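Listed here are the chains, written in short residue letters.
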Amino acid sequence: MMDTTVRLPGLTLKNPVLTASGTFGFGLEFEDFGDLRTLGGIVVKGMSLKPRQGNPMPRVAETACGMLNAIGIQNPGVESFIKNKLPHLPWEDTAIIANLYACTAEEFGELADILSAEEGVAALEVNVSCPNVKEGGAAFGQDPVQIGRVTEAVKAKARNKPVMVKLSPNVADIGVCARAAEAGGADMLSLINTVTGMAVDLVTRKPLLANVIGGLSGPAIKPVALRCVHQAVRAVKIPIIGLGGIVTARDALEFILVGAHAIQVGTANFLRPDAAFRLVQQLPKDMEIIGIGSLDELRGTLVLPGA
Amino acid sequence: MMDTTVRLPGLTLKNPVLTASGTFGFGLEFEDFGDLRTLGGIVVKGMSLKPRQGNPMPRVAETACGMLNAIGIQNPGVESFIKNKLPHLPWEDTAIIANLYACTAEEFGELADILSAEEGVAALEVNVSCPNVKEGGAAFGQDPVQIGRVTEAVKAKARNKPVMVKLSPNVADIGVCARAAEAGGADMLSLINTVTGMAVDLVTRKPLLANVIGGLSGPAIKPVALRCVHQAVRAVKIPIIGLGGIVTARDALEFILVGAHAIQVGTANFLRPDAAFRLVQQLPKDMEIIGIGSLDELRGTLVLPGA
Amino acid sequence: MKLCKKVKVVDVRPFGQPMTAGPEFFELRLENPGWDEWKPGQFVMLRPTSFGLEHVWARPFSIAMCDKQELTLFIQRVGRGTAHIAALEPGDHVLVWGPLGTSFVQEPDTHTLLLAGGVGIAPFKGYAILHPKRDNLRLVFAHRASARCYPYEQLADAVKAERVQEEKPEHLARVITLLHERISQYADGLVLACGPAPFLTTVRKYALEYGARCQLSLENRMACGVGACLGCVTPGVDGENRRVCVEGPVFWAQDIALGGGK
Amino acid sequence: MKLCKKVKVVDVRPFGQPMTAGPEFFELRLENPGWDEWKPGQFVMLRPTSFGLEHVWARPFSIAMCDKQELTLFIQRVGRGTAHIAALEPGDHVLVWGPLGTSFVQEPDTHTLLLAGGVGIAPFKGYAILHPKRDNLRLVFAHRASARCYPYEQLADAVKAERVQEEKPEHLARVITLLHERISQYADGLVLACGPAPFLTTVRKYALEYGARCQLSLENRMACGVGACLGCVTPGVDGENRRVCVEGPVFWAQDIALGGGK
Ligand SMILES: Cc1cc2nc3c(=O)[nH]c(=O)nc-3n(C[C@H](O)[C@H](O)[C@H](O)COP(=O)(O)OP(=O)(O)OC[C@H]3O[C@@H](n4cnc5c(N)ncnc54)[C@H](O)[C@@H]3O)c2cc1C
Ligand SMILES: Cc1cc2nc3c(=O)[nH]c(=O)nc-3n(C[C@H](O)[C@H](O)[C@H](O)COP(=O)(O)OP(=O)(O)OC[C@H]3O[C@@H](n4cnc5c(N)ncnc54)[C@H](O)[C@@H]3O)c2cc1C
Ligand SMILES: Cc1cc2nc3c(=O)[nH]c(=O)nc-3n(C[C@H](O)[C@H](O)[C@H](O)COP(=O)(O)O)c2cc1C
Ligand SMILES: Cc1cc2nc3c(=O)[nH]c(=O)nc-3n(C[C@H](O)[C@H](O)[C@H](O)COP(=O)(O)O)c2cc1C
Ligand code: FES
Ligand code: FES
Chain G
1 MMDTTVRLPG
11 LTLKNPVLTA
21 SGTFGFGLEF
31 EDFGDLRTLG
41 GIVVKGMSLK
51 PRQGNPMPRV
61 AETACGMLNA
71 IGIQNPGVES
81 FIKNKLPHLP
91 WEDTAIIANL
101 YACTAEEFGE
111 LADILSAEEG
121 VAALEVNVSC
131 PNVKEGGAAF
141 GQDPVQIGRV
151 TEAVKAKARN
161 KPVMVKLSPN
171 VADIGVCARA
181 AEAGGADMLS
191 LINTVTGMAV
201 DLVTRKPLLA
211 NVIGGLSGPA
221 IKPVALRCVH
231 QAVRAVKIPI
241 IGLGGIVTAR
251 DALEFILVGA
261 HAIQVGTANF
271 LRPDAAFRLV
281 QQLPKDMEII
291 GIGSLDELRG
301 TLVLPGA
Chain P
308 MMDTTVRLPG
318 LTLKNPVLTA
328 SGTFGFGLEF
338 EDFGDLRTLG
348 GIVVKGMSLK
358 PRQGNPMPRV
368 AETACGMLNA
378 IGIQNPGVES
388 FIKNKLPHLP
398 WEDTAIIANL
408 YACTAEEFGE
418 LADILSAEEG
428 VAALEVNVSC
438 PNVKEGGAAF
448 GQDPVQIGRV
458 TEAVKAKARN
468 KPVMVKLSPN
478 VADIGVCARA
488 AEAGGADMLS
498 LINTVTGMAV
508 DLVTRKPLLA
518 NVIGGLSGPA
528 IKPVALRCVH
538 QAVRAVKIPI
548 IGLGGIVTAR
558 DALEFILVGA
568 HAIQVGTANF
578 LRPDAAFRLV
588 QQLPKDMEII
598 GIGSLDELRG
608 TLVLPGA
Chain S
615 MKLCKKVKVV
625 DVRPFGQPMT
635 AGPEFFELRL
645 ENPGWDEWKP
655 GQFVMLRPTS
665 FGLEHVWARP
675 FSIAMCDKQE
685 LTLFIQRVGR
695 GTAHIAALEP
705 GDHVLVWGPL
715 GTSFVQEPDT
725 HTLLLAGGVG
735 IAPFKGYAIL
745 HPKRDNLRLV
755 FAHRASARCY
765 PYEQLADAVK
775 AERVQEEKPE
785 HLARVITLLH
795 ERISQYADGL
805 VLACGPAPFL
815 TTVRKYALEY
825 GARCQLSLEN
835 RMACGVGACL
845 GCVTPGVDGE
855 NRRVCVEGPV
865 FWAQDIALGG
875 GK
Chain Y
877 MKLCKKVKVV
887 DVRPFGQPMT
897 AGPEFFELRL
907 ENPGWDEWKP
917 GQFVMLRPTS
927 FGLEHVWARP
937 FSIAMCDKQE
947 LTLFIQRVGR
957 GTAHIAALEP
967 GDHVLVWGPL
977 GTSFVQEPDT
987 HTLLLAGGVG
997 IAPFKGYAIL
1007 HPKRDNLRLV
1017 FAHRASARCY
1027 PYEQLADAVK
1037 AERVQEEKPE
1047 HLARVITLLH
1057 ERISQYADGL
1067 VLACGPAPFL
1077 TTVRKYALEY
1087 GARCQLSLEN
1097 RMACGVGACL
1107 GCVTPGVDGE
1117 NRRVCVEGPV
1127 FWAQDIALGG
1137 GK
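Residue numbers (the working numbering), protein chains in the order written: chain G, 1 to 307; chain P, 308 to 614; chain S, 615 to 876; chain Y, 877 to 1138.
In short, the hints are calculated from the structure, not lab data. Check each hint, because a few of them may be wrong.
Listed below are the simulated DSSO-like cross-link pairs for lysine-lysine, each with C-alpha atoms no more than 27 Å apart in a straight line [stated by the list, open to error]:
{"hint": "1", "chain 1": "G", "residue 1": "Lys285", "chain 2": "S", "residue 2": "Lys653"}
{"hint": "2", "chain 1": "P", "residue 1": "Lys544", "chain 2": "G", "residue 2": "Lys206"}
{"hint": "3", "chain 1": "S", "residue 1": "Lys653", "chain 2": "P", "residue 2": "Lys592"}
{"hint": "4", "chain 1": "P", "residue 1": "Lys321", "chain 2": "P", "residue 2": "Lys513"}
{"hint": "5", "chain 1": "P", "residue 1": "Lys321", "chain 2": "P", "residue 2": "Lys357"}
{"hint": "6", "chain 1": "Y", "residue 1": "Lys915", "chain 2": "Y", "residue 2": "Lys944"}
{"hint": "7", "chain 1": "S", "residue 1": "Lys653", "chain 2": "S", "residue 2": "Lys619"}
{"hint": "8", "chain 1": "Y", "residue 1": "Lys944", "chain 2": "P", "residue 2": "Lys592"}
{"hint": "9", "chain 1": "Y", "residue 1": "Lys944", "chain 2": "G", "residue 2": "Lys285"}
{"hint": "10", "chain 1": "S", "residue 1": "Lys747", "chain 2": "G", "residue 2": "Lys206"}
{"hint": "11", "chain 1": "G", "residue 1": "Lys285", "chain 2": "S", "residue 2": "Lys620"}
{"hint": "12", "chain 1": "P", "residue 1": "Lys513", "chain 2": "G", "residue 2": "Lys237"}
{"hint": "13", "chain 1": "G", "residue 1": "Lys206", "chain 2": "P", "residue 2": "Lys592"}
{"hint": "14", "chain 1": "Y", "residue 1": "Lys915", "chain 2": "P", "residue 2": "Lys592"}
{"hint": "15", "chain 1": "S", "residue 1": "Lys747", "chain 2": "S", "residue 2": "Lys653"}
{"hint": "16", "chain 1": "P", "residue 1": "Lys513", "chain 2": "Y", "residue 2": "Lys881"}
Which residues of chain G face chain P? A few of them, derived with a C-beta cut under 7 Å, are [said to hold, decoys possible]:
{"hint": "17", "residue": "Ala156"}
{"hint": "18", "residue": "Gly197"}
{"hint": "19", "residue": "Met198"}
{"hint": "20", "residue": "Ile213"}
{"hint": "21", "residue": "Leu216"}
{"hint": "22", "residue": "Leu257"}
{"hint": "23", "residue": "Thr301"}
If you're wondering where the values come from, they're calculated on a predicted model, not measured in any experiment. All C-beta atoms, glycine included, are put in the ideal place defined by N, C-alpha and C.
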């Protein structure tokens, strides 16, 4: 048997495959397509203190090997999540990770306080990087000082729950942001969030998103994501969870080769709704093909020239 | 007859289609595939004062809807360009634009001095954004202060030749960089250069580029490019030349809709060597289909929500 | 129970056009993916292998009909994605997940008006076939391309049907007039509509005006088709967004606020 | 004069395997793109329509043979790109540009040793056919898969030929021994080689050792194929990079410094 267990600070995953926030709903949407309990974890849709309707439509557009979204964190609010979603999730078997969205460090703290009290929540992921929403995320995610402050605010209220800070790639130096989160007390990092982008319709002469600018995701950004993970791994000591364009088990293993502890599957869930489940199935097979018996044998073993 | 003329400061193009530096050699490589004189212009391979062999191999890799390169500005040096390439180029019919690469503002000034003395050179494009070469480009392109200094140095020696500063997308705020170039005296801007990225080989456990990190180009980055052009158009008054992932005439028109004056065709030249020539042919046809008689009717007419 | 299955293409049959590759209007017949049940109005997400990584979304299509052997879709080629689908050949494989979303109500004894705009005729094929009292059905079909491009004749054989063609923008008025007239006759009946957004907006207006019970099937852009991405939403009259892929595509006209967004 | 042309697939013929779709080794026969001339050793860039935007590069292949009617390539499926090519069917269209690069010298009266590793046998088919004095040719073919997977028999019918299979890593020694022995016999002849990089490195070593005039055909990754991108270069002995697509793929062994890079 292939060992795919991943040990993270305060969090053990049966395998390194998480689903990415905003691409897997609250998990329940995918119950017909696979057994949620086979997943390493589920990062649920970003949530805020109050319900949000998100941005106006249209708010998704397909691009070459990718897509743009400007959903604007539509969500039923944290209370509704706890009441209506969490009880139905298999949290005893699979790590349920809450994704926190707020516009101030104080609100982030409040969210952390509420969510960390829940037995069913395994960890908190802090979305300081949502590029879609003008009033908040973008500014945080591109400013190391804010990243540090938000991380501290969440950690202060996170009780025993590990905190994972999700970084934006839309910065000149991801290493600086990674160090800011580490210094703020983050237990781990996840990266990358979407790359800022835009698409237009020649005929209507309008942007394809009502929000004009949105976040690019999917295979198109995998090279950007691998680069960011590579740089972050070298910048900090805390574990890193890699995402961005992962579709196959081989993609996932590439992130682990570069040094990631676990990975998240995002846009691939739209390519086919059983993508994450299939990736979990395929992973041990591909590990065997490349000749490794555990992820530790691969993690961070990237051979750099001259090394 | 469709009017595709583009009037830029000190530079009139018969059509808005330029070929992008590093993707069209010195133009002569493509003579068998089309008539160079039909192009609006040719931006030749980046050149430095001294010949450069560039980075070690391998230095290109294909990715989803794109590619990575870390050529490292291999070039025969500016003197060899002037002696061996320029005389063979149809510079009386098509704008030949020199792409300048250097590691200090002084060297940039020297290059500008040499190239601006050449009748056959129609304009200078300043590559402050090459992400491939550790010793220079990257630092410049991500620092507005350096962008300003380099622009000034080039302008000071550019004689009557217009100067176009090529911006990197690997920054938190492209508007700041655009303004820095404008303030430094740039006559126009071209954007975007490549997006920093990376790819690895699971079997060899090595990066696919010997340089580890390279620049992502091709359709994958078109949304990033459109977004940057959109933001730059709003940040400065000088004309903008858009590039990044353009393959078809419709792609080109999208950039013009967003506000670009002209465009460059890069990675598409690898999809097929007649890509730029075909784009020139197709452009008036697509202009007719979308119902415009000149590019001015389209340029910058993007309808923003609430406007 | 929704299923995600790789199934074989049985046939690609162009409508009203020579049997060439890449037709504009065609019927796509697939192996039945092994569904227990489905209802007219529901849809599938379809992904041909040739999408590769270039297209990260599957494409949504109404179920035209599904029996033990075959799932039938009726498709108009409009862009790159449907061009890939039009190029399919018997024996090729496609990925299909479904049946998805809500369906049209079936009230055998109620006089029911079916309003189809263009390819919006697709779900009404199965609706008519499976309806126990077809005499109670009446179809109005508004279309741009020649009627032969659509499965109109098949439906006209089964139910009372009439059609109106909008070849030029000037013809729009006669479409609207006909919709108005027919809906006014179904104030105590049921009005079911599927077609482009402006068509549905018109239907909704008259249905609300005459107090007809009315359902509309929406065609928003979809990324996931299963309620996860929140990319397909349409605002309800209460201001709350509804996911077209889960709470729709078939909505009661009075519940949703049409006209905003694209 | 190089041409970029859309041409029709005449046939996809698997070698030594059942006639299934997506074979691993196959001969691809295309319409002649209308070339004036070509020389063995030259190559083409090939791009099937199905690459769409997902693959931004065409793929380089040696010209196995080209006559008035047809251009023939011999291809091994190794990754996603060649998988698309293996799935081609007669009548499909592909984009081809060429003929590209340098060719093998032809000296009718010189004893010439052809050294082919795996699919590196491709250019030698045309070389042998077009050679005026086939008696002066001798082929050594080193291969991993069964010999039936390659056009070896065709060549063995035309010229003196022998082969050595490397089924397991342990067999490498016998390949090297045979190369050594044969090259040593051609010190005053011509040695032409095409195959994977380690194969060429070995050939180069012995050729230089025995002073044999020797040409090597390289297979670097290529983006443009026409000398523009500088992605395919190989360092010369003088430290200057040479573009494999223009100054190569066929180089004189003493001019290039093999062994560095991947
Ligand atoms: C529930 C549902 C049922 C549908 N049923 C059918 C059906 O039975 N038969 C059929 O032919 N089509 C149907 N459609 C529409 C079909 O999904 C789109 O035409 C298809 O996705 C377009 O893909 P494309 O890549 O060819 O077009 P693109 O290249 O993506 O776009 C081409 C043009 O079509 C528009 N477009 C893209 N997606 C949609 C969409 N989802 N709805 C409306 N316009 C769109 C774009 O804005 C653009 O103008 C349905 C859509 C939905 C949501
Ligand atoms: C001048 C020249 C002539 C060639 N002639 C032939 C020929 O006649 N028949 C034939 O089958 N192949 C030939 N090749 C090799 C062929 O081009 C590659 O096998 C092909 O491009 C791989 O594409 P892919 O997308 O299937 O592989 P990828 O998915 O891109 O890669 C799969 C594996 O193949 C390796 N690879 C990719 N490209 C190349 C390359 N250019 N050379 C060597 N390894 C590569 C990768 O590193 C990887 O390990 C030639 C190459 C060159 C440069
Ligand atoms: C439709 C959509 C909605 C998303 N919503 C969120 C969100 O609510 N919170 C968050 O942190 N990231 C969100 N993301 C970003 C993804 O979690 C992920 O970081 C990004 O898509 C890159 O991964 P991918 O390329 O695998 O999709 C969203 C992405 C998409 C496509
Ligand atoms: C192989 C290659 C070499 C390049 N060399 C240069 C260069 O020398 N100078 C420069 O300014 N940009 C260079 N670029 C960047 C392109 O000019 C262009 O900015 C980038 O590729 C984005 O456009 P595209 O997506 O259309 O290719 C190079 C790009 C590629 C792919
Ligand atoms: S398409 Fe994703 S929620 Fe409806
Ligand atoms: S492949 Fe581009 S220079 Fe050789």
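Hint-by-hint comparison with the structure:
no. : hint                 : result
1   : G:Lys285 to S:Lys653 : violated (39 Å)
2   : P:Lys544 to G:Lys206 : holds (22 Å)
3   : S:Lys653 to P:Lys592 : violated (45 Å)
4   : P:Lys321 to P:Lys513 : violated (46 Å)
5   : P:Lys321 to P:Lys357 : violated (33 Å)
6   : Y:Lys915 to Y:Lys944 : holds (14 Å)
7   : S:Lys653 to S:Lys619 : holds (18 Å)
8   : Y:Lys944 to P:Lys592 : violated (35 Å)
9   : Y:Lys944 to G:Lys285 : violated (48 Å)
10  : S:Lys747 to G:Lys206 : violated (46 Å)
11  : G:Lys285 to S:Lys620 : holds (21 Å)
12  : P:Lys513 to G:Lys237 : holds (22 Å)
13  : G:Lys206 to P:Lys592 : holds (21 Å)
14  : Y:Lys915 to P:Lys592 : violated (39 Å)
15  : S:Lys747 to S:Lys653 : holds (16 Å)
16  : P:Lys513 to Y:Lys881 : violated (36 Å)
17  : Ala156               : violated (27 Å)
18  : Gly197               : holds (3 Å)
19  : Met198               : holds (4 Å)
20  : Ile213               : holds (6 Å)
21  : Leu216               : holds (5 Å)
22  : Leu257               : holds (6 Å)
23  : Thr301               : holds (6 Å)
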